[in-house]
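Visitor: Residues per chain are reported as follows:
Protein chains: 2
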Amino acid sequence: MKDIIIHEVGMRDGLQPEKEIIVPLETKIEWCKKLIEANIDILQVGSFVHPVKVPQMAATDDIFKYFTENKDIKRNTLLSCLVLNEKGMERGMKAGAEMFCMGVSASDTHSRKNTGMSTEEALGRIIAMAQECMKCGYPVQVSVQSAFGCGFEGKIPYDRVYNLIKKYLEAGIKQISLADTAGHAYPEQVTEMLSTIRSFAPEVAITCHFHNTYGLGMANCYAALQAGIKNFETAFGGMGGCPFTKVAAGNVCTEDFVYYLQRCGRREDIDNSKILDTTFMAEKFFNRKLPGYLYKTINKETCCN
Amino acid sequence: MKDIIIHEVGMRDGLQPEKEIIVPLETKIEWCKKLIEANIDILQVGSFVHPVKVPQMAATDDIFKYFTENKDIKRNTLLSCLVLNEKGMERGMKAGAEMFCMGVSASDTHSRKNTGMSTEEALGRIIAMAQECMKCGYPVQVSVQSAFGCGFEGKIPYDRVYNLIKKYLEAGIKQISLADTAGHAYPEQVTEMLSTIRSFAPEVAITCHFHNTYGLGMANCYAALQAGIKNFETAFGGMGGCPFTKVAAGNVCTEDFVYYLQRCGRREDIDNSKILDTTFMAEKFFNRKLPGYLYKTINKETCCN
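Chains as they are written, first to last, in numbering that gives the first Met the number 0: chain Y, 0 to 304; chain B, 0 to 304.
Hints listed in this document are in silico derivations from the structure and should not be mistaken for laboratory results. None of these values were measured; they are calculated from a predicted model. Worth double-checking, as some hints may not be accurate.
One copy or any two copies: either way a pair holds, since identical chains are not told apart in the list.
In silico BS3-like cross-links for lysine-lysine, where the CA-CA straight-line distance does not exceed 30 Å [stated by the list, open to error]:
(1) Lys1 - Lys154
(2) Lys165 - Lys73
(3) Lys112 - Lys73
(4) Lys64 - Lys93
(5) Lys18 - Lys134
(6) Lys288 - Lys18
(7) Lys273 - Lys154
(8) Lys112 - Lys32
(9) Lys288 - Lys273
(10) Lys52 - Lys112
(11) Lys283 - Lys112
(12) Lys18 - Lys283
(13) Lys154 - Lys229
So that you can see chain Y by itself, here it is in the shape it has in the complex (with noise of 0.2 Å):
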C-alpha cells in the first residue's frame, strides 16, 4: 500500500518564510497531531536553527518534546527534523527527533548565502554530521539544493549534482533528497537527471522535493514517478519557500498531491480531510489564502450544495 512515502514539510519549510507571525507552540502541536492522525509517514516538526536566525523554528526543540512525554498519542508517522550544523544536531538528538534530515546546495552563491561556507567547506561537515547520525542509529536523509538550478547562478552543471551524489554514496549515505530549492526544475529535465543517477547508483533511494515558482511542481512529482521516485517532499497548503534564495515560491501542496495518487488508487490509507483540516486552519491562522487548489476546490463544494 505505501508504495509512495510522504515526507510532509509543511511545519518546516512551509512555516519557515512565515517572518511576521510566529505561531504559537500549542498552534503547532495541534497542526502536527492533524498530520499524524492524517497518517502520514514522516513529518519534518521543524528545523534546528539558531532562533534568532528563524525566529519561527525557535519551538522546535519544544515540539519534540511534546511527542516524546506523550506517548500514548497513537501515531504511523516518524518525526523528522532539519539540521544545519552540529549545535542543531545535538538539540535534535536531545529533544527526541526520530529521523535527521541536513544538506548542502549544489550552488555556491546559495551555499555561501545559506551557511557562510562554500559547498566543498559544507560537504565535508555535513557528511561527518550525517555519519554521527548513523553510528547512533538514527534514519537519515541528506540533500542536495538547487538540484535542478539556482535563483542565483541560474543553470547548475549537472555533474555538480551528479559529484555530490558520489560524495554522500562514498559515506555509506543510503537516502538522498533532490530539492529544487528554486523551483527551475521542468520535467524532462527531471527524466534525463534521475536516469543518469539511475545509471550510477541504480540501489539509491532518491526524494524529490519540489516548488512551484514557476508552476512546474506537480508535472515535476509526475516524472519523478514516471521515473519510479517513491519518495516526495510536500508541504500542506502548498505552503514555503527557502528564506535564503533569491525567488521561491510554495511546495508542491501535499493534499493536492494525495488527491492526486489517491485518483490512481494509490496511498488510500491517507486521511487526506485531515491534511485538509491543517491547511484550513492555517489558512484561518495566517488570515490569507494559501496556494493548494484542492483545498479551495473542496471550499466551493460546499458553497455550491
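Using the hints, position chain B against chain Y.
Guide: Frame of chain Y; chain B shown alone:
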C-alpha cells in the same frame, strides 16, 4: 519552430466567469493586441452567446469588427470564436471570425445545464453547424466538453468520449478538442485516453484543454505532450472556468506553459513578456491576484533587484 500550437482562450474561457465587472471594449482590444504582439497562434476573441446569458461576451462582435476594419495591424494570429448555436454562427461570420469552435458535453447533465439539450440532441446540431462552417471554408474545431469527468456526474465512461470522437470523424471534422471542463483529469488518464484515441483514429488532430481545479493542469499538459499532442488551449494569468459547471478553477496559465516550453527550447518565437503584460493589465483591472505563477515570480524578482 511551431511544433506546439497555442490557442489562447483567456478572452473567452478566462473572462466568461467574471460576472461582476464587464471589461470594456477598448480594454479587451488592448489585451487582444498584446496577445497578438506575443505571436500567439490562435486567439479566441470571445463567444457568440446571448448577451443576457453571458454579459461579459456582449462585445465579441465589436472586437472582431475592430480587427476586420484595422487591416494594418500586423498579426500571425488567427482569430477564433466559440459559437453555441446557429444564431451565434451567423453573428460570427458577419463579424469577421476566422475560425469556429463549438462542442458538446460528454456529460448529459452538463449538456442540459449548458444548452438545455441532451448530448445526443446537441450533437446533431453541432455537427450540422460544423459542416456549414467547413462548407464556407472556415477552419473548424469541435470539442468534447467534460471529457475527463464531470462536476455533476463524476466519472464519464471513456466510451462516451470515444463515440463522440467517432461521430465527429464520420462527419468529416479533423480537429477535435478534449476539454477537461471540471478539472478532473489526471496524467495517467490523459495518457490512457490519448493512446486509445490514437489506436482508432491515428490521423485525428487532438487539442487538449485543462483546468486547474485540483492542481493537475500542467501535469496533464506534460502527459499530453508526452503522448504527442501538438495543440493546447490555455489562458493568460490562468484565468477562467466554465460558468455552467459545478466547480471549476482556472485554465492552465498561458505564460506558465510558454515558460515551460521555452525551458525545453520550444516556441522561442513567442514573446512571453507580452503575455505577461496582458496578465499584469488583467490583475490591475480586476484588482486581485490571478492564479498564474510566472507573473508573481517575475514581480518578486523585480522587487528583489
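Visitor: Taking the hints in turn, state whether each one holds.
Guide: Against the structure, the hints:
Only between protomers do Lys1 and Lys154 lie at most 30 Å apart by alpha-carbon distance; the minimum there is 26 Å, versus 34 Å within a single protomer. With identical chains, the CA atoms of Lys165 and Lys73 are never at most 30 Å apart, being 38 Å at best within one copy and 55 Å at best between copies. Neither within a single protomer nor between protomers do Lys112 and Lys73 lie at most 30 Å apart by alpha-carbon distance, with minima of 40 Å and 48 Å respectively. Only within a single protomer do Lys64 and Lys93 lie at most 30 Å apart by alpha-carbon distance; the minimum there is 9 Å, versus 74 Å between protomers.
In this homomeric assembly, Lys18 and Lys134 never come within 30 Å of each other (Cα to Cα): the closest approach is 36 Å inside a single copy and 63 Å across copies. For the homomeric pair Lys288 and Lys18, the shortest alpha-carbon distances inside one copy (17 Å) and between copies (21 Å) are both at most 30 Å. With identical chains, the CA atoms of Lys273 and Lys154 are at most 30 Å apart between copies only, with a shortest distance of 25 Å across copies and 38 Å within one. In this homomeric assembly, Lys112 and Lys32 never come within 30 Å of each other (Cα to Cα): the closest approach is 34 Å inside a single copy and 43 Å across copies.
In this assembly of identical chains, the alpha carbons of Lys288 and Lys273 lie at most 30 Å apart whether taken from the same copy (18 Å) or from different copies (28 Å). Taking identical chains as interchangeable, the C-alpha atoms of Lys52 and Lys112 lie at most 30 Å apart only when both belong to the same chain, with a minimum of 13 Å there against 56 Å between chains. In this assembly of identical chains, Lys283 and Lys112 lie within 30 Å of each other by CA distance neither inside one copy nor across copies; the values are 33 Å within and 35 Å between. Taking the shortest alpha-carbon separations for Lys18 and Lys283, both the intra-copy value of 17 Å and the inter-copy value of 27 Å come in at or below 30 Å.
Taking the shortest Cα distances, Lys154 and Lys229 sit within 30 Å of each other both inside one copy (26 Å) and across copies (28 Å).
Of the numbered hints listed earlier, those contradicted by the structure are 2, 3, 5, 8 and 11.
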